[in-house]
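Q: Here is how the chains run, residue by residue.
Protein chains: 2
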Amino acid sequence: MIPRERLMETARRVYRRYGFVPIDTPALEYLEVLTGKGSDETDRQMYHFTDNGGRAVGMRFDLTVPLARFSAQHINELGTPFKRYHIGAVWRGETPQAGRFREFVQCDFDTIGTTGVVSDIETALVIHELLQEIGIERFKLRINNRQLLTGLLEALGLGNQATIVLRALDKIDKLGAKAVEKELSEAGILEPQIAQILQFASIRGNPDAVLEQLASQLRGNQRAEEGLDRLNVVQKALVAAGVPQERFAIDVSIARGLDYYTGIIFETMLGDLPEIGSVCSGGRYDNLAELFTKQHLPGIGASLGLDRLLAALEKLGKISAQAAPASVFIALFAAERTSDYFELAALVRRNGFSCEVYPDAKKLGAQLKYADQRGFPVALIAGSRELDAGMVQVKDLRNKTSTEVQWRSNPDEFIGALRTMLTMERGDLFA
Amino acid sequence: MIPRERLMETARRVYRRYGFVPIDTPALEYLEVLTGKGSDETDRQMYHFTDNGGRAVGMRFDLTVPLARFSAQHINELGTPFKRYHIGAVWRGETPQAGRFREFVQCDFDTIGTTGVVSDIETALVIHELLQEIGIERFKLRINNRQLLTGLLEALGLGNQATIVLRALDKIDKLGAKAVEKELSEAGILEPQIAQILQFASIRGNPDAVLEQLASQLRGNQRAEEGLDRLNVVQKALVAAGVPQERFAIDVSIARGLDYYTGIIFETMLGDLPEIGSVCSGGRYDNLAELFTKQHLPGIGASLGLDRLLAALEKLGKISAQAAPASVFIALFAAERTSDYFELAALVRRNGFSCEVYPDAKKLGAQLKYADQRGFPVALIAGSRELDAGMVQVKDLRNKTSTEVQWRSNPDEFIGALRTMLTMERGDLFA
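Sequences listed follow chains A and B, in order. Using our numbering, read the first sequence as starting at 93 and increasing by one per residue. Using our numbering, read the second sequence as starting at 93 and increasing by one per residue.
Looking at chain A on its own, in the form it has when it is part of the complex:
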C-alpha cells in the first residue's frame, strides 16, 4: 500500500499540474445506467442487487460509464472543456488471477467537450510526465491516429471492413506479416489491397521519417491527411515541450480499443518490460455519452494501469521493501521519562522527519528488532542519564554505526546528523 499510495499521489500531482480536476462518483449506480454500456462480459460480471428501497443497483465496472452519466447530467453547469481525473475502485466478478482481482483501482483522466489538437498534446504530455515522475527511465509512448488507417481503407474501398483489418493487424507483432496476409486474404481482401495495408503497417523509424513516409503513401486522401496533420502538430509540440525523441514514436501498428477510439490513440510500453504490455493507454473518442444525452460530447482520455505498473516497478526493483512510512525510531528506554521522548520526537517532526516512539518499555534488543523489521533507517536511543544530559545516540540501523549528539542544547547539530544519515538512505521515489 505504501508504493501504491505514492503512485496515486504522483498521478494526482501530474493531473493537477495540467489543470485536471478530481471527481468522485458513487460505487453504486442505478442498474440501468450500467447495463449494456460495456460488453456482454461486463454485464455478466457486474455485481448487482436490489436495495432496501426496491431499487435495482449495480457496482461500477469502470470509471468511463460513471463519467458519461455524470457529464450528461452536469455538463451545462460544468462547462467545456471539462477536464477531470478519477482514481477509484471498480468491481468485476471474474475469476481472480495473478495481478487481477475482483476489486481493482482505475486511474483515469479525460478532457470532455473539445476536438482541439491541444488536448491530444496535453494527453500525451500527461502520460509522459506520469511515467517520468514515477521514476521509470526507459519507456516509449506509441502514438497513432485511427484516421490514417480509416482513410486508407476508405480509399481502398474497404471502409466497412475496418474491424476485420484492425483485428488482423493487431496480431502483426506476434504472428508476423505472413499470417496477417493470410487472414486478410481469407477475409476476401484482394492482393494489391493487402499489399497497401501491409506497406502502411510496416512503416517504422523516428517520428519525422515515419510522418514523411506516411505523407507520401497517403497523399490526396483527405481523411488520412487530416489525421497526419494532427500527428505532425502533436509531434512538434512534444519536442517543443522538451519530450526526448527516444520517449515517443509514431506507430501505425497500434490498434487499441477497436471500435471505440476515432482519432489519436496511445500506448505506453516499458523499455525494460515490454512483455507486460501497455501501462498507460487511451485515445480520442467521438461521443462520450450518447446513451445518456443528445448533447454531442467528444473527448479524449487515458488510463494509468496502476496494478500493472506496480507489478512492473516491483520487477524492476524500484519498490523497496520498507514496511514503515516513518524514518526515525525512538526507543522507549526509560518509561518514566515519556515526556522527554515526546519532546525529542516533536523536535524531529518539526524538522520534517517522520518518527514514532515505541509504545512499550521492552528490552532494547526487542525494540530494535521491531525497528529493523519495519525498515526504519535510523533509531534514537537515550536512557535517563543521557536524557538528563540532553544527549541522544543516533544509530544508523543498516550499517550499525552510531554517533552521540546534544539534542537539547544543540538541536541544529542533532538535526544535521539526522539529515546526513537520512539523505544517504533514501534513493528512489518509493523508498
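Calculated from the structure, these hints are not laboratory results. Careful: at least some of the hints might be erroneous.
Copies of the same chain are indistinguishable here, so a pair counts whether it falls within one copy or spans any two.
Stated by the list, open to error - Below are the BS3-like pairs computed for lysine-lysine, each with C-alpha atoms no more than 25 Å apart in a straight line:
{"no.": "1", "residue 1": "Lys407", "residue 2": "Lys461"}
{"no.": "2", "residue 1": "Lys328", "residue 2": "Lys263"}
{"no.": "3", "residue 1": "Lys455", "residue 2": "Lys492"}
{"no.": "4", "residue 1": "Lys232", "residue 2": "Lys274"}
{"no.": "5", "residue 1": "Lys328", "residue 2": "Lys232"}
{"no.": "6", "residue 1": "Lys328", "residue 2": "Lys454"}
{"no.": "7", "residue 1": "Lys386", "residue 2": "Lys454"}
All values derive from a computational prediction rather than experimental measurement.
With chain A's structure known, arrange chain B on it following the hints.
A: For chain B alone, coordinates are given in the frame of chain A:
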C-alpha cells in the same frame, strides 16, 4: 472534491509522520464477517447480496470491522504494535440527510497490540496535528479516561449501572445537572451517590487544576488512580511536545462510545463551531477482534469526520470556490503556433506551477471568461507577433493588471513575475 482531496492528503501526511502505515481492504466482505458486528441498525442498513459464485457478501459499513477481520487474519505476520490508517468509503442504506449520504468516507487510524500510554499520547498528538495542519486555529481536544468514572462507580457500589450513569451524564451539557439528578434518582441511585457523581462530573478548569481535584476526590480508588496516572503522563507529554495549553482539556464529562471504550477517550470541538459536535473522536478499547480470534488485541484509535469537517471549513470560509486546480491559464491565440504555447507551458510547469492551454482557438473574451469561471489567478496571452519576439502578457485575472515580459530570452524574469502574482494569490491551505 479539491478541498476533500487536500484534506485526505493532509491526513495521510500526518498519519505517516507518526509511523502509521496505510492499509486497504475490499469494499465487499463475507456477510458473516459484517453481520452482528455493529448495531441492529447497521445490520438493517447494510447493502448485501449473493454473488455469482453463490457467496453471501455485504458492503462494509465502517472500517473498524474490516480492521478487526484483517488483524485477526494477519497479526502474526504484521507483528505488534501494528499502526495503520485507512481512508475509504463505507456504505449505509439509510435515508440521506444534509451532509449524510449512503456512501461516505471514513478516515481512521489505530494502534493495535499495545496498552502503553505512549500510544495514548501519540493518538492525541495526531489529532492535534491533523486539525492544526488542516488550518483550524481554534479547537479543543477534550480528553477523558473511562477508568475514572468506572472506578468511582465501583467504589460507590454502582459498578453494574455504568451504562445508565453514562447515558445520563451524556446529557449534562444539554439538559443541566438538575435533569441528570432526576434521571439518576429515578434509576434508583441514592442521593449521596448522585452527589458524588455530580461533583465528579462538574470538575472543570485547566488540565493541572482538573487533575488535582480529581486526585483529591478519587484518592485510594485503585482503578481511578491508575486512569488518573495515565492522564497525568499524557498531559505532561502533550506539553513537552509543544501542544498549547488552550488546545486541550481534561474533561470528565465526555462519555463517547458508551460500551466500546475502556480507557482514554477523545473528542475534538471546533472553537468557532462547537454546535457541529466532535470532528475527531476515538479512544482505547480492550479487545479489537474478539469475535474473530482468540488472540487478545488491545488498541487505541480515532476517526476524522471528513464530511463534517468539510462542512465546517466551508462555514468558516476556509474553502475557496476555486474550480480549477491549476494556477496559470494559457490562451490559444494563434492556433498555428501550438508548439510555442507548449514550449511556454513546459517552462511554467518546470518551475513548479500548474497550467493548462485552452484547447480551442476561440475569441480571447470567451477564453478569459472560462479562465475566470474556473478561478485561474493568472493568464498568459501571446499572439504570433509576441511569440516571434519571445514576449508574453502576464495577466492577473483578479485585479486585471498585466505586465509584458520576455519569457524566451529571460525566463528568470518571467518566472519571477509569475511567482510574485501567484504568491499574493494563495493564502490558505485550500486555495
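Q: A separate judgement is required for each hint: does it hold in the structure or not?
A: Hint check:
no.: 1; hint: Lys407 <-> Lys461; in the structure: neither (28 Å within a copy, 48 Å between copies)
no.: 2; hint: Lys328 <-> Lys263; in the structure: neither (30 Å within a copy, 70 Å between copies)
no.: 3; hint: Lys455 <-> Lys492; in the structure: within (18 Å within a copy, 66 Å between copies)
no.: 4; hint: Lys232 <-> Lys274; in the structure: neither (30 Å within a copy, 76 Å between copies)
no.: 5; hint: Lys328 <-> Lys232; in the structure: within (17 Å within a copy, 57 Å between copies)
no.: 6; hint: Lys328 <-> Lys454; in the structure: between (64 Å within a copy, 22 Å between copies)
no.: 7; hint: Lys386 <-> Lys454; in the structure: between (69 Å within a copy, 24 Å between copies)
Violated hints, in rising order: 1, 2, 4; the structure is consistent with all others.
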